[in-house]
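K.L.:
Single-letter residue listing:
2 protein chains.
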Amino acid sequence: MNIDGIPTRTLRARPAQGAIDIIDQTRLPHALHWLRIATLEAVAHAIRSMQVRGAPLIGATAACGLAIALADDASDTRLAEAAALLRSTRPTAVNLHWALARMQAVLQPLPPGERAAAAWAEAAAIAEEDVAQNMAIGEHGLRLWRGQLVPRGDTLNIMTHCNAGWLATVDRGTALAPVYAAHDAGVPVHVWVSETRPRNQGLLTAWELEQHGVPHTVIADNAAGLLMRAGKVDAVIVGADRIAANGDVANKIGTYLKALACADNGIPFYVAAPRSTLDFACTDGADIPIEERDGDEFRLVHGLDGRGVPSALRLLPAGEDVANPAFDVTPGWLVKAIISERGTCPATRAGLLGLYPEEARG
Amino acid sequence: MNIDGIPTRTLRARPAQGAIDIIDQTRLPHALHWLRIATLEAVAHAIRSMQVRGAPLIGATAACGLAIALADDASDTRLAEAAALLRSTRPTAVNLHWALARMQAVLQPLPPGERAAAAWAEAAAIAEEDVAQNMAIGEHGLRLWRGQLVPRGDTLNIMTHCNAGWLATVDRGTALAPVYAAHDAGVPVHVWVSETRPRNQGLLTAWELEQHGVPHTVIADNAAGLLMRAGKVDAVIVGADRIAANGDVANKIGTYLKALACADNGIPFYVAAPRSTLDFACTDGADIPIEERDGDEFRLVHGLDGRGVPSALRLLPAGEDVANPAFDVTPGWLVKAIISERGTCPATRAGLLGLYPEEARG
Chain H
1 MNIDGIPTRT LRARPAQGAI DIIDQTRLPH ALHWLRIATL EAVAHAIRSM QVRGAPLIGA
61 TAACGLAIAL ADDASDTRLA EAAALLRSTR PTAVNLHWAL ARMQAVLQPL PPGERAAAAW
121 AEAAAIAEED VAQNMAIGEH GLRLWRGQLV PRGDTLNIMT HCNAGWLATV DRGTALAPVY
181 AAHDAGVPVH VWVSETRPRN QGLLTAWELE QHGVPHTVIA DNAAGLLMRA GKVDAVIVGA
241 DRIAANGDVA NKIGTYLKAL ACADNGIPFY VAAPRSTLDF ACTDGADIPI EERDGDEFRL
301 VHGLDGRGVP SALRLLPAGE DVANPAFDVT PGWLVKAIIS ERGTCPATRA GLLGLYPEEA
361 RG
Chain E
1 MNIDGIPTRT LRARPAQGAI DIIDQTRLPH ALHWLRIATL EAVAHAIRSM QVRGAPLIGA
61 TAACGLAIAL ADDASDTRLA EAAALLRSTR PTAVNLHWAL ARMQAVLQPL PPGERAAAAW
121 AEAAAIAEED VAQNMAIGEH GLRLWRGQLV PRGDTLNIMT HCNAGWLATV DRGTALAPVY
181 AAHDAGVPVH VWVSETRPRN QGLLTAWELE QHGVPHTVIA DNAAGLLMRA GKVDAVIVGA
241 DRIAANGDVA NKIGTYLKAL ACADNGIPFY VAAPRSTLDF ACTDGADIPI EERDGDEFRL
301 VHGLDGRGVP SALRLLPAGE DVANPAFDVT PGWLVKAIIS ERGTCPATRA GLLGLYPEEA
361 RG
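Those protein sequences? They're chains H and E, same order as listed.
So in this note's numbering, spot 269 of the first sequence is number 269, and the numbers just go up one at a time.
So in this note's numbering, spot 299 of the second sequence is number 299, and the numbers just go up one at a time.
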């Protein structure tokens, strides 16, 4: 990825400083602000407050958080408590749990004195794998589209929801990886960017597509169905926060409505996610915990005031009753294919086990 | 309807002053501001800018606008030009065209000297009929619900989209009329209020439900599907801007997505609208013109700043490409029933002609 033409990543580890640098995503698209984070508590806060967000990036950031936590005290107790704190920040995205379990499995057998350095090394490995997997998702996705999609016009019109681009990962993105692969291969592509209320992550997507030079148009979430009925959408692709063993997909609230509209209009609905998003221990989407976030995320909205200064406005009185679930579950039968770093498969148990046969044991 | 306990209507004709008083709905829910409007151009502006909105209220307001226009000059030319100006303000809601056609049919045969007074009288009749029809819609809707709905809990959980309450009509509302009828009859009812981006008319609905004492919860448009899958919605009811002869329904953008989610979850989806919303000349929903509104409605958001002062924030840069269609079309097969002042019917040509047999001619 590039910001203003300069290659970078969303997560920069600074082992020598016992810190990481992240982009404060709560300030995008209005300001690009890098944040240095040097304590376990600040990492937990960054994940909870969505300064860092996107299932794969949350996983990699939590891994770094564990490394930060072990700098002064790498005892068994500290390791367990730090992992528990990080694990408690967000309930739905399983990548967080996956990354922490992987870190603990590596660190636990080591003597405490070796754990901090090993933690930074393992966190770096997680981050590198994320980038490589996303590049592979991009290639698999593009190959699938070349086989399955016949654009109605000169341009491939792809719709996405929320942000599953490089801002949601260490680099390249999941849902946007095939978009970037297409664009980079010279395939004319245009993206319908759904605003994604209440946190407006669509504006992050618009910002990163702009950085990459990909044509796009922002729409209200409500407009998705009309555009599909009007024949203006060739495919929808989203990321995921957790995929159950039966192919049900938990993703940003509103995803399910787009999948329904795809089904009603014969438009393929794709989910792009790496292995770390698959939860084979979760047999059914109904078992995925759905995070309910603070109502003020909804009552307040953030932007720039008339002088271009970042500011917040109140849309609703503090006392107004609000429900703010952050994710919904799309049943696997609405998903045309899951695209992972291993390839593509139907959103079924058999399909997922075809890609990951090692999970069939037990 | 009551505001702060005082009975009122959304549209007050002031024939002696050649004016009308309206509530400036662009300032709700933050401020209740009555606006006196005394010129044709100001009426057209009020409709275009959505100071006045809601298909039935637009119709009644346009009728008054014609009366205002004829005060100084009631010639054939003036009548035709005023009607044309008002007709051009909004393309989708057919009530506007219906009201203006009705006014012209009454006024055209009269000598110019009698037209202004007759216009005020006819506009008043349109307004009174709107109220009576909405009361009837409320009774028919409640009767239908008593027959068809078995609440899963102690409370009837109704979801709505946009605002089709008394703010969208002269009084009582269309979609909310059965809600008010249920509440007034002692049926425990709770309303899921969809925010309705980009213009946030859900906040108008929350405000008017609060005035009437009806329990409600505001949600992001994206949350509708999750709530339905979770069994928290007994029915969805919306108003309409135009219903084609085959039962297809044009309504606020996002309506179609809610109808799809109803179908997928076995939840009845109702449309409440008076005769003036039916367009028998329009054979199919695909023929309904869909208004595309200014992108700044989407790029900017309005609310209260930290000191409680009405203010606007910029969500997106002025140059960011935006699509802002204001309505979508829900195919009749997704609609469980249409509720009109005559009763209820399937959303089909046969169903509509059953209620309005006089339209079968020709």
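Derived by calculation from the structure, the hints in this document are not laboratory data.
Watch out, some of these pointers could steer you wrong.
A pair counts as met if it fits within one copy or between any two copies, since identical chains are not told apart.
To be verified - Cut-off 25 Å, straight-line C-alpha distance, at most; resulting in silico cross-link-like pairs (SDA-like, lysine to any residue): (1) K232 / A42; (2) K232 / E320; (3) K232 / G343; (4) K232 / E128; (5) K232 / D21; (6) K232 / D264; (7) K232 / E297; (8) K232 / R307; (9) K232 / N2; (10) K232 / G306; (11) K232 / W333; (12) K232 / A263; (13) K232 / D294; (14) K232 / R146; (15) K232 / G18; (16) K232 / D296; (17) K232 / R314; (18) K232 / D305; (19) K232 / H45; (20) K232 / E291; (21) K232 / H302; (22) K232 / P91.
The structure displayed is predicted, hence computed values, not measured ones.
K.L.:
Each of the hints needs a verdict: does it hold here or not?
P.N.:
Hint-by-hint comparison with the structure:
1. K232 / A42: Intra 43 Å, inter 37 Å, cutoff 25 Å: neither.
2. K232 / E320: between (37 Å within a copy, 19 Å between copies)
3. K232 / G343: neither (27 Å within a copy, 37 Å between copies)
4. K232 / E128: Neither way: K232 and E128 sit 36 Å apart in one copy and 43 Å across, limit 25 Å.
5. K232 / D21: Neither way: K232 and D21 sit 39 Å apart in one copy and 42 Å across, limit 25 Å.
6. K232 / D264: both (14 Å within a copy, 23 Å between copies)
7. K232 / E297: between (31 Å within a copy, 22 Å between copies)
8. K232 / R307: neither (36 Å within a copy, 43 Å between copies)
9. K232 / N2: The answer is neither: 29 Å in one copy and 44 Å across copies each exceed 25 Å.
10. K232 / G306: Neither: 34 Å inside a chain and 40 Å across chains, both beyond 25 Å.
11. K232 / W333: both (23 Å within a copy, 22 Å between copies)
12. K232 / A263: both (15 Å within a copy, 23 Å between copies)
13. K232 / D294: Answer is between; shortest inter-copy Cα gap is 20 Å, intra-copy 35 Å.
14. K232 / R146: Close inside one copy (18 Å), not across copies (41 Å); limit 25 Å.
15. K232 / G18: The answer is neither: 49 Å in one copy and 47 Å across copies each exceed 25 Å.
16. K232 / D296: Close across copies (22 Å), not inside one copy (34 Å); limit 25 Å.
17. K232 / R314: neither (34 Å within a copy, 27 Å between copies)
18. K232 / D305: For K232 and D305, neither the intra-copy (34 Å) nor the inter-copy (38 Å) Cα distance is at most 25 Å.
19. K232 / H45: Close neither inside one copy (40 Å) nor across copies (32 Å); limit 25 Å.
20. K232 / E291: Cα proximity of K232 and E291: across copies only (17 Å, versus 33 Å in one copy).
21. K232 / H302: Neither way: K232 and H302 sit 30 Å apart in one copy and 30 Å across, limit 25 Å.
22. K232 / P91: between (35 Å within a copy, 22 Å between copies)
Violated hints for the displayed structure, listed by number in ascending order: 1, 3, 4, 5, 8, 9, 10, 15, 17, 18, 19, 21.
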